[in-house]
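**Q** The primary structure of each chain is shown beneath.
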Amino acid sequence: DSGVTQTPKHLITATGQRVTLRCSPRSGDLSVYWYQQSLDQGLQFLIQYYNGEERAKGNILERFSAQQFPDLHSELNLSSLELGDSALYFCASSGTPPWNEQFFGPGTRLTVL
Amino acid sequence: DQQVKQNSPSLSVQEGRISILNCDYTNSMFDYFLWYKKYPAEGPTFLISISSIKDKNEDGRFTVFLNKSAKHLSLHIVPSQPGDSAVYFCAATPFQAGTALIFGKGTTLSVSS
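Chains as they are written, first to last, in our numbering: chain A, 1 to 113; chain B, 1001 to 1113.
Hints may contain errors.
[Said to hold, decoys possible] Here are the simulated distance ranges between beta carbons: (1) A:N51 <-> B:S1113: 46 to 56 Å; (2) A:D1 <-> B:S1074: 36 to 46 Å; (3) B:S1052 <-> A:T15: 27 to 37 Å; (4) A:D71 <-> B:K1054: 16 to 26 Å; (5) A:G3 <-> B:K1054: 47 to 57 Å; (6) B:T1045 <-> A:R22: 36 to 46 Å; (7) A:G52 <-> B:G1083: 38 to 48 Å; (8) B:K1056 <-> A:N77: 36 to 46 Å; (9) A:E75 <-> B:K1056: 22 to 32 Å; (10) A:H73 <-> B:Y1039: 41 to 51 Å; (11) A:T111 <-> B:K1054: 35 to 45 Å; (12) B:S1113 <-> A:R63: 40 to 50 Å.
I should point out that these hints are in silico values taken from the structure, not numbers from a laboratory. All residues carry an ideal CB built from backbone N, CA and C; glycine is no exception.
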């Protein structure tokens, strides 16, 4: 158990809809990262928050947004969903030495029908 | 353009033998490298890492070798065990603490008894 929790585990929705994925980092970790893993792909970095502020952006679509709350949990919002958004979405956290090691949650599997 | 490449999608090894997983990178700014292991329906689990100031790092049965001039690293597992069967991801990041990881697409290791 990495200490990072993600809900829900599975999500099935229709095209055009909006969903919210939730992540709670390990206790004490200030950084939260979101990654997307599509079929046969490695993990693609989407966005990073550090202590409530956006720190870095990767290949995140404009239809996607995220935030980190004062209690350090984070939410990833996906809107106007398309079939191609079906993927595994992982949250990771880091914040204690060595800071480069990130600890991943179990992921949310999103299926867009 | 993939900055981290794992050119072997799969590897099969007998129990007790050595498993060697390879990874190549193109970005000379990468200074810290990590290996993650992933079982189905779970998030990636951190395995071992290496900084560019070293060429080798060991942790039990796992050893990572880094050849900076060739931009190549490898993960050796000795002896291999059936429980090592999983997908192994290589990841890299500039040595700037708390930055996003760039992942390869992974190598599926199968260890037969």
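**Q** If a hint holds in the structure, say so; if it doesn't, say that too.
**A** Structure-based check of each hint:
1. The beta-carbon spacing between A:N51 and B:S1113, approximately 47 Å, falls within the hinted interval of 46 to 56 Å.
2. At about 29 Å, the CB distance of A:D1 to B:S1074 disagrees with the hint of 36 to 46 Å.
3. The given range of 27 to 37 Å is broken by B:S1052 and A:T15, whose C-beta atoms sit roughly 45 Å from each other.
4. Separated by about 37 Å at the C-beta atoms, A:D71 and B:K1054 break the suggested range of 16 to 26 Å.
5. A:G3 and B:K1054 have their C-beta atoms about 27 Å apart, which leaves the hinted 47 to 57 Å range violated.
6. Distance hint check: the CB atoms of B:T1045 and A:R22 are about 21 Å apart, inconsistent with the given range 36 to 46 Å.
7. Hint check: A:G52 to B:G1083, Cβ distance near 39 Å, so the stated range 38 to 48 Å holds.
8. Restraint check, B:K1056 to A:N77: a C-beta distance of roughly 43 Å satisfies the suggested window 36 to 46 Å.
9. For the pair A:E75 and B:K1056, the supplied restraint of 22 to 32 Å is violated, since their beta-carbon distance comes to about 41 Å.
10. In this structure the hint that A:H73 and B:Y1039 lie 41 to 51 Å apart at CB is violated, the actual value being about 25 Å.
11. A hinted range of 35 to 45 Å holds for the C-beta pair A:T111 and B:K1054, which are about 42 Å apart.
12. Hint check: B:S1113 to A:R63, Cβ distance near 47 Å, so the stated range 40 to 50 Å holds.
Checked against the numbered hints above, the structure violates hints 2, 3, 4, 5, 6, 9 and 10; every other hint is satisfied.
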